[in-house]
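Enquirer: Protein sequence lines, in the order shown, are assigned to chains A and B.
The first sequence begins at 1 in this note's numbering and counts up one residue at a time.
The second sequence begins at 1 in this note's numbering and counts up one residue at a time.
Among the hints, erroneous ones may be present.
Partial chain A-side listing against chain B, Cβ under 10 Å, derived [as the list claims (entries may be wrong)]:
id, residue
1, Lys-178
2, Tyr-214
3, Asp-241
4, Gly-245
5, Thr-247
6, Arg-515
List of simulated lysine to any residue pairs, SDA-like, C-alpha gap at most 20 Å [to be verified]:
id, chain 1, residue 1, chain 2, residue 2
7, B, Lys-128, B, Glu-100
8, A, Lys-108, B, Lys-7
9, B, Lys-127, A, Arg-110
10, A, Lys-108, B, Glu-100
11, A, Lys-600, B, Glu-5
12, A, Lys-527, B, Gly-70
13, A, Lys-108, B, Arg-28
14, A, Lys-116, B, Glu-5
I should point out that these hints are in silico values taken from the structure, not numbers from a laboratory.
Beta carbons: idealized from backbone N, C-alpha and C, even for Gly.
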Amino acid sequence: MKKLGVFVCHCGINISSMVDVEDVAEYAKGLDGVEFSTDYKYMCSDVGATLIKESIKEHDLGGVVVACCSPRMHEHTFRKVTKDGGVNAYNLEIANIREQCSWAHDNKVRATEKAKALVRAAAIKALMDESLESSRTKVTPEALVVGGGIAGIQAALDLADTGYRVHLVEKEPSIGGKMSQLDKTFPTLDCSSCILTPKMMEVYNHPRIDLLTYSEIESVEGSIGNYNVKVRKKPRYIDTDKCTGCTDCVSACRMKDRVDNEFNFNMNKRSAVYMTFPQAIPLKTTIDPDSCLYLRFGKCGDGPLCVEACEVGAIDFDQKEEILELNVGSIIVATGYDLVDGAALYEYGYDNYRDVITTLELERLISSSGPTAGKVLCPSNGEAPKSVTFILCVGSRDETQCSWCCRIGCMSALKHVYLLKEKLGKDSEINICYTDIRSFGKGYEEFYGRIRKEANFFRGRPSEVRMKGDGLKMDVFDTTTGKLLEIATDMVVLVPALVPRTDSDTIARALNISRSGDGFFLEAHPKLRPMDTFTNGIFIAGCCQAPKDIQDTVAQASGAAARASVILSKDELENDPLVAAVDPDICAGCGICVEVCPYKARTLNDWTKIAEVDEALCEGCGACVIACPSNASIHRNFTKQQIMQMVDNIL
Amino acid sequence: MGEFEPKIVGFLCNWCSYTGADLAGTSRIQYPPNIRVIRVMCSSSVDPIYIVRALMEGADGVLIGGCHPGDCHYINGNYKARRRVVLLKNILGTLGLEEERVWIRWVSASEGQKFADTVTEMVDTIKKLGPNPIPTRWDI
Ligand code: FES
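Just chain A, same shape as in the assembly (with noise of 0.2 Å):
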């Protein structure tokens, strides 16, 4: 039999004051298979580990049970000083006597009395342990960023100039996301497209980025290192090797200025074949299925004028939907936010007065591309506003809507104040119904000092907009001067909660990573893991982890490029090796666990019918060995015979 150390730490005093430990040293020496047992005030320490190592030597010890703090913390010191002891680390056992023993309970003789009992359990586990042996997994080093915005961007050059190849799919005809829409930047008042174009041209010429536009990710299986993606081509109908981008078929198009631009949310009309705005990565047009009249119904006039007017003959109508494999090494996920759904900003009637409109719709029209060609007008009238009023937090730090605090709003209609000064003129008004104003980066309070004097700022949310006579009016409750005001103007802007895409749940299903309460994908760690997902090697970037601004998308999407290229420039990574197994001799292969596994890393041999693990797939769940009706099923180190033999001793 196997010869056990059980060594118990006194965590300085955080554990001996609440549990006696040598009384539980001493107890130790009289368990199954236990050849020594000590005590010692920091285990964790080098002194500690030079008193495992040595005791290992010294009483020729077969497996090791460390009674000190929570598994999740020291597990994998204690198993590398087991190795480095010369045993193998998986005879490495913990007791968590300080988490789940002397912090959470107050009275010392119950406290030291479970301590031995979680001794006792972790002891007949050590002694049951099997040596196990990690194998290996080949690296690929290439990488998936799934989402073309400034995050995915940003990430995917990293990885490319680290020198590793990089598939950027993106949904949209063109990368660029939500930052292609605005207009200008805060604090800075850079012009958002100076700053973003030249990182889209850089990404559309970068050797080492391979560009998936108008695609989506499909499926994903395998696992850190050797991940097997599909991916979806939707097709554009047009010959990208052959357009030049020159849109004369835009221009010929019959649907010309009948479709609506969604770019520029609806606010103008575009042709069924369209370029998404001027500076589009690619520089390649795509014809829309649902409005083209060819290919609604087969039948455009005497023939596709778009086809005419193209000198090159790019116009392709029997391009199919294509579906790529990819292999890659890890995957950044940078797929961005949504707005909140106007139907839930009814009682500021979105729906329903034209001259209510958001931000990013105010973007589009004070940009020189937008649909006003940069003049700020009233949608329903075409008018210059003499009043423009914003609304803070429309959904934002609400209860009812969103709780959390979408980090750009206030910036963002601070911004707006100065370029909207600009567009209308110094005796234009400007209100702000604020909540507070959270001008928290660097600069941006200055930027604030600056704007402030320039608007009116009414700290009040009001209650609704309202059309009375031909202008639009709210009340708002001024609660720094605790006046009801009435408030008359000719435009109204929401600024709306950023929430988690639509499709989130279904990207967050394909990659097998989890969703926080709000939606957005959920962080190993909020401070020490940012940009890691529970799931290895895939990281996460940019809003769709949690609404935040440019700079500091961009930060997190660098970030993950340099998480991604610890597992890229590896050429193996190591697999637990606390996985599934099967017992060949006693396995029916019923195939109950190959349905039961989430991984797909179960199947059955077609030649034996007998299971097989797959065990770069398997995660160590566990739950085929439940499932397997005939016991053939197991899971190393967690063994049936293991937990049923814990159970009896830890009572």
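Since chain A is already given, all that's left is putting chain B with the ligand on it; use the hints.
Expert: Relative to chain A, chain B with the ligand alone:
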């Protein structure tokens, strides 16, 4: 002998409930020491046999802790666990045991307080039920 102190075996999943239990300790939230925890990777790896074994060996209660529905680290393990526990509860009666001796609860990694409250509540409930009768029965 003093007051009846129930013995409770906890099977907590590594990713949520076990971490939640750790957090209770880290936050120094106190709960009765009656619970003794066995860490499993996922609630789906708790074989109903473990629960029965614990009860046969004299545990007065068994707590299975998993991630909240939809949050299982292994996608859907907690749903599997829930189904198994429901089935098991159906047969507890035939052993002469009350259903309330077996609890399945969702405790996330951030719910230290909830873990402590759950244990406190469970200890109270089982104190009312009294000791597990099985060890004193000779027929099973
Ligand atoms: S990992 Fe917590 S229930 Fe599956």
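Enquirer: For every hint, state whether the structure bears it out.
Expert: Evaluated hints:
Because the closest C-beta pair between A/Lys-178 and chain B is about 28 Å apart, greater than 10 Å, the hint is violated. About 29 Å separates the beta-carbon of A/Tyr-214 from the nearest beta-carbon of chain B, more than 10 Å, and the hint is not met. Checking A/Asp-241 against chain B: minimum C-beta separation of about 41 Å lies over 10 Å; hint violated. Against a cut-off of 10 Å between C-beta atoms, the interface hint on A/Gly-245 is violated, since the closest Cβ of chain B lies about 43 Å away.
Interface hint status for A/Thr-247: violated, as the beta-carbon distance to the closest one in chain B is roughly 46 Å, over 10 Å. Here the hint on A/Arg-515 is kept, as its CB sits about 8 Å from the closest CB of chain B, short of 10 Å. Taking the CA atoms of B/Lys-128 and B/Glu-100, the gap is about 11 Å. The hint holds against a cut of 20 Å. Restraint check for A/Lys-108 and B/Lys-7: the C-alpha separation of about 17 Å stays at or below 20 Å, so the hint holds.
For the suggested pair B/Lys-127 and A/Arg-110, the alpha carbons sit about 17 Å apart, so the restraint of at most 20 Å is met. The straight-line distance between the Cα atoms of A/Lys-108 and B/Glu-100 is roughly 29 Å, outside the 20 Å bound, and the hint therefore fails. At most 20 Å may separate the alpha-carbon atoms for a hinted pair to count; A/Lys-600 and B/Glu-5 exceed this at roughly 45 Å. For the proposed pair A/Lys-527 and B/Gly-70, the alpha carbon gap of about 23 Å is over 20 Å, so the pair is violated.
For the hint linking A/Lys-108 to B/Arg-28, the alpha-carbon distance of about 15 Å falls within 20 Å, and the restraint holds. A hinted pair counts as satisfied when its Cα atoms are at most 20 Å apart, and A/Lys-116 with B/Glu-5 qualifies at roughly 17 Å.
Violated hints, in rising order: 1, 2, 3, 4, 5, 10, 11 and 12; the structure is consistent with all others.
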